[in-house]
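There are 2 protein chains.
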Amino acid sequence: MISKNQLKLIQGLNQKKSRNKHNLFIAEGVKVVSELLNSNLNLHSVYVLTEFYTKLNNINSDKINIITELELKKISNLKAPNQVLALFNIPKTDDKISNDGLILALDDIRDPGNLGTIIRLADWFGVKSVLCSSNTVDVFNPKVIMATMGSISRVSVEYCDLYQRLKDINKPIYGAFLEGDNIYKTQTTTNSVIVIGNESNGISEEISELITNKITIPQFGEAQETESLNAAIATSILLSEFRRGE
Amino acid sequence: MISKNQLKLIQGLNQKKSRNKHNLFIAEGVKVVSELLNSNLNLHSVYVLTEFYTKLNNINSDKINIITELELKKISNLKAPNQVLALFNIPKTDDKISNDGLILALDDIRDPGNLGTIIRLADWFGVKSVLCSSNTVDVFNPKVIMATMGSISRVSVEYCDLYQRLKDINKPIYGAFLEGDNIYKTQTTTNSVIVIGNESNGISEEISELITNKITIPQFGEAQETESLNAAIATSILLSEFRRGE
Chain A
170 MISKNQLKLI
180 QGLNQKKSRN
190 KHNLFIAEGV
200 KVVSELLNSN
210 LNLHSVYVLT
220 EFYTKLNNIN
230 SDKINIITEL
240 ELKKISNLKA
250 PNQVLALFNI
260 PKTDDKISND
270 GLILALDDIR
280 DPGNLGTIIR
290 LADWFGVKSV
300 LCSSNTVDVF
310 NPKVIMATMG
320 SISRVSVEYC
330 DLYQRLKDIN
340 KPIYGAFLEG
350 DNIYKTQTTT
360 NSVIVIGNES
370 NGISEEISEL
380 ITNKITIPQF
390 GEAQETESLN
400 AAIATSILLS
410 EFRRGE
Chain D
170 MISKNQLKLI
180 QGLNQKKSRN
190 KHNLFIAEGV
200 KVVSELLNSN
210 LNLHSVYVLT
220 EFYTKLNNIN
230 SDKINIITEL
240 ELKKISNLKA
250 PNQVLALFNI
260 PKTDDKISND
270 GLILALDDIR
280 DPGNLGTIIR
290 LADWFGVKSV
300 LCSSNTVDVF
310 NPKVIMATMG
320 SISRVSVEYC
330 DLYQRLKDIN
340 KPIYGAFLEG
350 DNIYKTQTTT
360 NSVIVIGNES
370 NGISEEISEL
380 ITNKITIPQF
390 GEAQETESLN
400 AAIATSILLS
410 EFRRGE
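Protein chains in written order, with my numbering: chain A, 170 to 415; chain D, 170 to 415.
These aren't lab readings, by the way, just hints derived from the structure by calculation.
For every residue, glycine included, the Cβ atom is placed at its ideal position computed from N, Cα and C.
Take the hints with a grain of salt, since some may be wrong.
[To be verified] Just a few of them, taken from the derived set where beta-carbon distance is under 10 Å, the chain D residues facing chain A:
#1 D350
#2 Y353
#3 K383
#4 I384
#5 S405
Given only the sequences and the hints, what does the whole structure look like? Please build it.
Right under this line is the structure:
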């Protein structure tokens with residue numbers, strides 16, 4: 170069962186302020202929690218239906234709370250809660266993550282689903298470092314964690330003054346613009362940065378100044394000129410294109 | 170204002186049965202409704218806040234209902250309703266859509282957001298025909314329409330017995346499998362069909378029999394072997410790869 174204090178703690182963790190105060194974040198559902206239990210992340214506590222309990226091997230029983238479906242519903246952010254919710258410690262990261270290899274830079278990504286999908290793509294395409302502008306949605310937001318499908322444990326994320334941070338990186342910086350070079354005909358290098366712009370406004374003026382290589386994903390249909398691709402979809406196409414030659 | 174009958178009609182249209190009975194579907198929000206008003210779709214009625222009213226040119230005033238924010242909230246499916254909701258007639262389509270060019274075939278896509286994003290991608294990449302298995306979510310579901318961002322008016326969609334339908338198409342049929350050929354090293358042709366599998370189960374056994382070209386999107390990171398890409402993300406990478414040589 171869940172105590173009142175636990176309930177208060179968990180519900181509070183939907184807010185960034187509380188996540189930072191307690192240094193904890195929420196992960197939900199069989200797939201995500203299973204992956205994070207197998208990662209190097211530090212488990213704080215886990216709340217499980219009896220169905221999932223048998224899958225919890227080598228976990229200190231003090232950390233396990235068996236709960237009812239009704240209790241899970243109370244703490245879950247999902248329409249259809251899925252057996253388990255766990256709290257993990259937010260990992261300590263270096264102030265500055267590595268500049269090696271292919272890097273993603275996110276210029277004010279606001280949608281948690283987009284950020285989670287982008288982290289998952291970074292994992293798939295072997296991008297170790299994701300730089301986020303300070304206005305990008307918090308990566309430990311429960312909806313972001315859900316969309317990462319567990320890949321958060323394999324990708325380093327740094328929130329920073331993106332302009333200053335990119336200014337100090339000595340690599341080609343790519344960004345997608347309507348008037349850029351056709352990405353399919355551009356020679357790319359994986360030792361570079363790809364900037365992904367905000368869902369509504371694209372790449373900000375300030376960051377645009379730092380882009381060394383303006384590229385574009387061409388349209389093939391009769392789609393309107395004003396039409397654009399979703400931020401996560403654009404990320405997938407660009408990462409695929411940067412990696413395909415390897 | 171909205172009459173009781175109108176309210177009942179609109180709320181009913183969240184159900185497929187009612188959509189088919191009335192031959193109507195719901196579109197919401199400034200972007201989607203604006204695009205559909207500029208398409209060849211037939212407007213049934215539109216419910217607008219005064220802010221959006223001025224943007225309604227050349228529309229028969231009998232079809233326009235000016236409503237309050239409170240009324241919009243009542244009929245909207247969005248957390249943050251966006252100025253306008255409209256009902257359009259479900260367009261008559263041919264029983265069989267065209268077999269020309271690059272075709273997408275969806276084998277039980279269940280998530281409305283995924284289907285909408287896939288339709289939007291089809292539009293971007295010039296895919297005119299999308300074949301859906303009969304268990305694929307209804308394309309006129311309001312959440313699907315929202316995610317298409319208006320592109321539904323430029324893509325033809327046919328629900329069918331996908332096995333029979335594909336059996337009768339004389340083209341290469343591609344599908345993604347773990348053990349397929351590396352898509353980046355495969356010669357593709359745009360005169361073909363790409364099958365996209367269900368979110369949880371991938372391509373069904375029955376449809377697998379018809380796949381002539383098994384392909385795979387390789388991983389570059391340390392992602393788990395069991396990890397997979399989201400259906401819409403996989404679609405974007407495959408369509409980009411099929412079109413890039415043009």
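So, going through the hints one by one against the coordinates:
With a least beta-carbon distance of about 14 Å to chain A, the hint placing D350 of chain D at the interface is violated under the 10 Å criterion. Of the supplied interface hints, the one on Y353 of chain D holds, with its beta-carbon coming within about 4 Å of a beta-carbon of chain A, less than 10 Å. Proximity of K383 of chain D to chain A is violated relative to the hint, the smallest CB-CB distance being about 18 Å (cut-off 10 Å). At about 13 Å, the closest approach between the beta carbon of I384 of chain D and any beta carbon in chain A exceeds 10 Å, and the interface hint on this residue is violated.
For S405 of chain D, the interface hint holds, since its Cβ comes within 10 Å of a Cβ in chain A; the closest pair sits about 5 Å apart.
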